[in-house]
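Participant: Listed below, chain by chain, are the residues.
2 protein chains.
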Amino acid sequence: MKHTKFMLSEKEMPTRWYNVLPDLPEPLPPERHPVTKEPCPMESPLPPPLFPDAINRQEFSTERWIDIPEEVQDVYRTWRPTMLHRAYRLEQELDTPARIFYKYEGTSQAGSHKPNTAVAQAYYSKKEGVRRLATETGAGQWGSALSMGCVFFGLECKVYMVRASYHQKPYRRSLMETWGAKVVPSPSPDTEVGRKLLKDDPECPGSLGIAISEALEDAFVHDDTKYSIGSVANHVLLHQTIIGEETRKQMEMADAYPDIIVGNVGGGSNFAGQFIPWIRDKISGKKPDMRIICVEPEACPTMTKGPYTWDFGDAAGLAPILKMHTLGHGFIPAPVHAGGLRYHGMAPIICHLHKLGFVEAQAVHQTVTFEAGVRFARAEGIIPAPESCHNIRVAIDEALRCREAGESKTILIALSGHGHFDLGAYDEYLSGRLQDYEYPKEKVLAALADLPQVE
Amino acid sequence: MKHTKFMLSEKEMPTRWYNVLPDLPEPLPPERHPVTKEPCPMESPLPPPLFPDAINRQEFSTERWIDIPEEVQDVYRTWRPTMLHRAYRLEQELDTPARIFYKYEGTSQAGSHKPNTAVAQAYYSKKEGVRRLATETGAGQWGSALSMGCVFFGLECKVYMVRASYHQKPYRRSLMETWGAKVVPSPSPDTEVGRKLLKDDPECPGSLGIAISEALEDAFVHDDTKYSIGSVANHVLLHQTIIGEETRKQMEMADAYPDIIVGNVGGGSNFAGQFIPWIRDKISGKKPDMRIICVEPEACPTMTKGPYTWDFGDAAGLAPILKMHTLGHGFIPAPVHAGGLRYHGMAPIICHLHKLGFVEAQAVHQTVTFEAGVRFARAEGIIPAPESCHNIRVAIDEALRCREAGESKTILIALSGHGHFDLGAYDEYLSGRLQDYEYPKEKVLAALADLPQVE
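Residue numbers (our numbering), protein chains in the order written: chain A, 16 to 470; chain B, 16 to 470.
Among these hints, one or two may not hold up.
[As the list claims (entries may be wrong)] Going by beta-carbon spacing under 10 Å, a handful of chain A positions derived as facing chain B:
(1) Thr-19
(2) Glu-192
(3) Leu-445
Derived by calculation from the structure, the hints in this document are not laboratory data. As the structure is a prediction and not an experimental result, all values here were calculated from the model. We treat Cβ as the ideally placed atom computed from N, Cα and C, and that holds for glycine.
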């Protein structure tokens, strides 16, 4: 019998997150205060009081291993451990000697990896007496995951959803509402930022940057409310390491070790959740040749075209200033279907590891990603989320290179979720209506002219 | 640690389907030929040559156990075994002493239980040299599962999709096309039946009955084509018994045995796939008190309001005549959101076991099913398919009765799939726009006046 899936029992689920910060060859540059531009002190890294204390401590923790609270483990076990699959059928279809594995996060109730951190953030908030969480969402994946996390711990959840998506994708909103969240189109009349924008333009379609600013304001003005973020931040990446820690055990069951790890990046949390538990072998010199490749859209090429510099995490300049690759916090990318990859910046940990030479970056156009996604679906059955089609594209290309070279490399795909919410995008691809977007150099240059001045 | 999920390894996956036919206390009435109305001979039960020979043999097999071919097992393992969950959080929310379990089929690539038979039918067809399969689909679950089954075995797949759904739910079509199927709106110009209807009414919205007739005609006129059906038939129920066979092993791991099994029924395949492996204990007298409850919509109350008599499986009278509960093959139910439960008849095995007193039936209105579905989603995270909301409603009612009575019964829910394709229905419910439909007695009486005359 060929082993197609590598499964862990509930008992084998890792009970600690892995924090890469103490193992970095050079320390991560500290975040800067959005107003003073000064380095934030380690004991209070994230001004103003956006997050629960436990999250603030995790953001720059020097502990290598952080216990996953029992209550979070209990909720994780409603869908975790997730499966590691060997893609026999895809290998056969590609006629490649490469061995292809994929770790699939699409079996969570929300259909993606996002609940891994949503549940943890909701738990810590509840524990510290927070009554409600505020967040933003674009296409809806993060907003729905946090809605689920909040309902599990009895918290209210307020989601500022980019107005264009709110109207174009009403069912994402229904998903959040089914889990009990209050969802408003952003800009909304519920915040100062929103009211101002609506006064100038009652039809303002909104943007992720505006939605973040509204959620931040909501948390600032309500004593019982904290802000929650779905990617980029160190603590989010930390929570996602459950993915890679599980995968390590599963690859061992498969008697395999990845030569190449590919993940897509928007803010970078799924990719980092997979590769961070492996990169310690590369940092320590145990596996120096392992390639770790992040893949982004050509239309939003943060890693491959953006400078490595200081920029705000949000559009309005309310969030901390991070050292990262950025296209400028005012940059609004073209409407590619991989909504989760439309972010101007990138997780500082990923950027730092890229600068140090441990992580590679590639950009791809969306049409060829859907071509890869359809090929994957026809071989493995799973319809990948448009985000994941990006790294599947690169994985297939690497597997085909293995065929040319006669090499049997082991490729590990970080598959973040299913595409059942994204069939409109597949429809555009299949009907030949899908368009690619060139890198908008002028727009990026304009946005980069407005970077914060940090010494 | 509380065990939330009961998992089987790939090695523990059952390798045989269980055929209940030889264990029935009374034999199942044989099907009748649609034209001659005569009983079909056992060796060729399904005229004309609709199905591959292996399927024809399975339809009335007297073997208790039928080996699952290795090739089918290999594909099953891309998503099976599926999880059995203990619904701790729902139990707590209901404050019930009842123990609630659910067997969840929503983690298949298609999001439902349908691939269990789609894969088997595609395999047997390929093995016998069939080049393409034709089928019908309403809302799209079955059409998408068969599309996936066909692409796995290199078969063409032609899906006749009810025209109203084709236009209202274009993304279901995209799902099928992603798996390589050819999908046409029914009525279509591709068949005699379709051309005739389109000539009379170019805007004809179609119906499942018309789509079945087109798929049957397609299989009749093309030598290289067979017909494939997603529910009702004995062989479909047989393939679905993998669900209950897995569950038996998993309930044993949980040290539990169901007092009550609840499943929703349209054609009955998911419900039967779960209960048939258990009912042998009830038939043999080992567990005489076990209650097996099927749940259907009030708007399409086949089991609770339809007579147990002879009727065509399809609207046009091309399919075999079955002894079953029916609302009349011309009956078109109201547009309830549980598209999979809108069928005029019911699997003959379920009807037969109901007549013999082994299976109970209940009908519920859709609004209260969504109320239950939302309650389930807020406790367990999973958004249930609208079909499954029906039996979750009854499971919750039984659990609440246990609270009143102080009884700790064990309730097993057959959860057929996720509702990620059905968020529009949740939206209607959450916004208060969802309506219930009373039992349309006059329409049923009219449809029942047109039953085939069988001695």
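Participant: A separate judgement is required for each hint: does it hold in the structure or not?
Facilitator: Hint check:
no. : hint    : verdict
1   : Thr-19  : holds (4 Å)
2   : Glu-192 : holds (5 Å)
3   : Leu-445 : holds (5 Å)
Taken one by one, the earlier hints all hold for this structure without exception.
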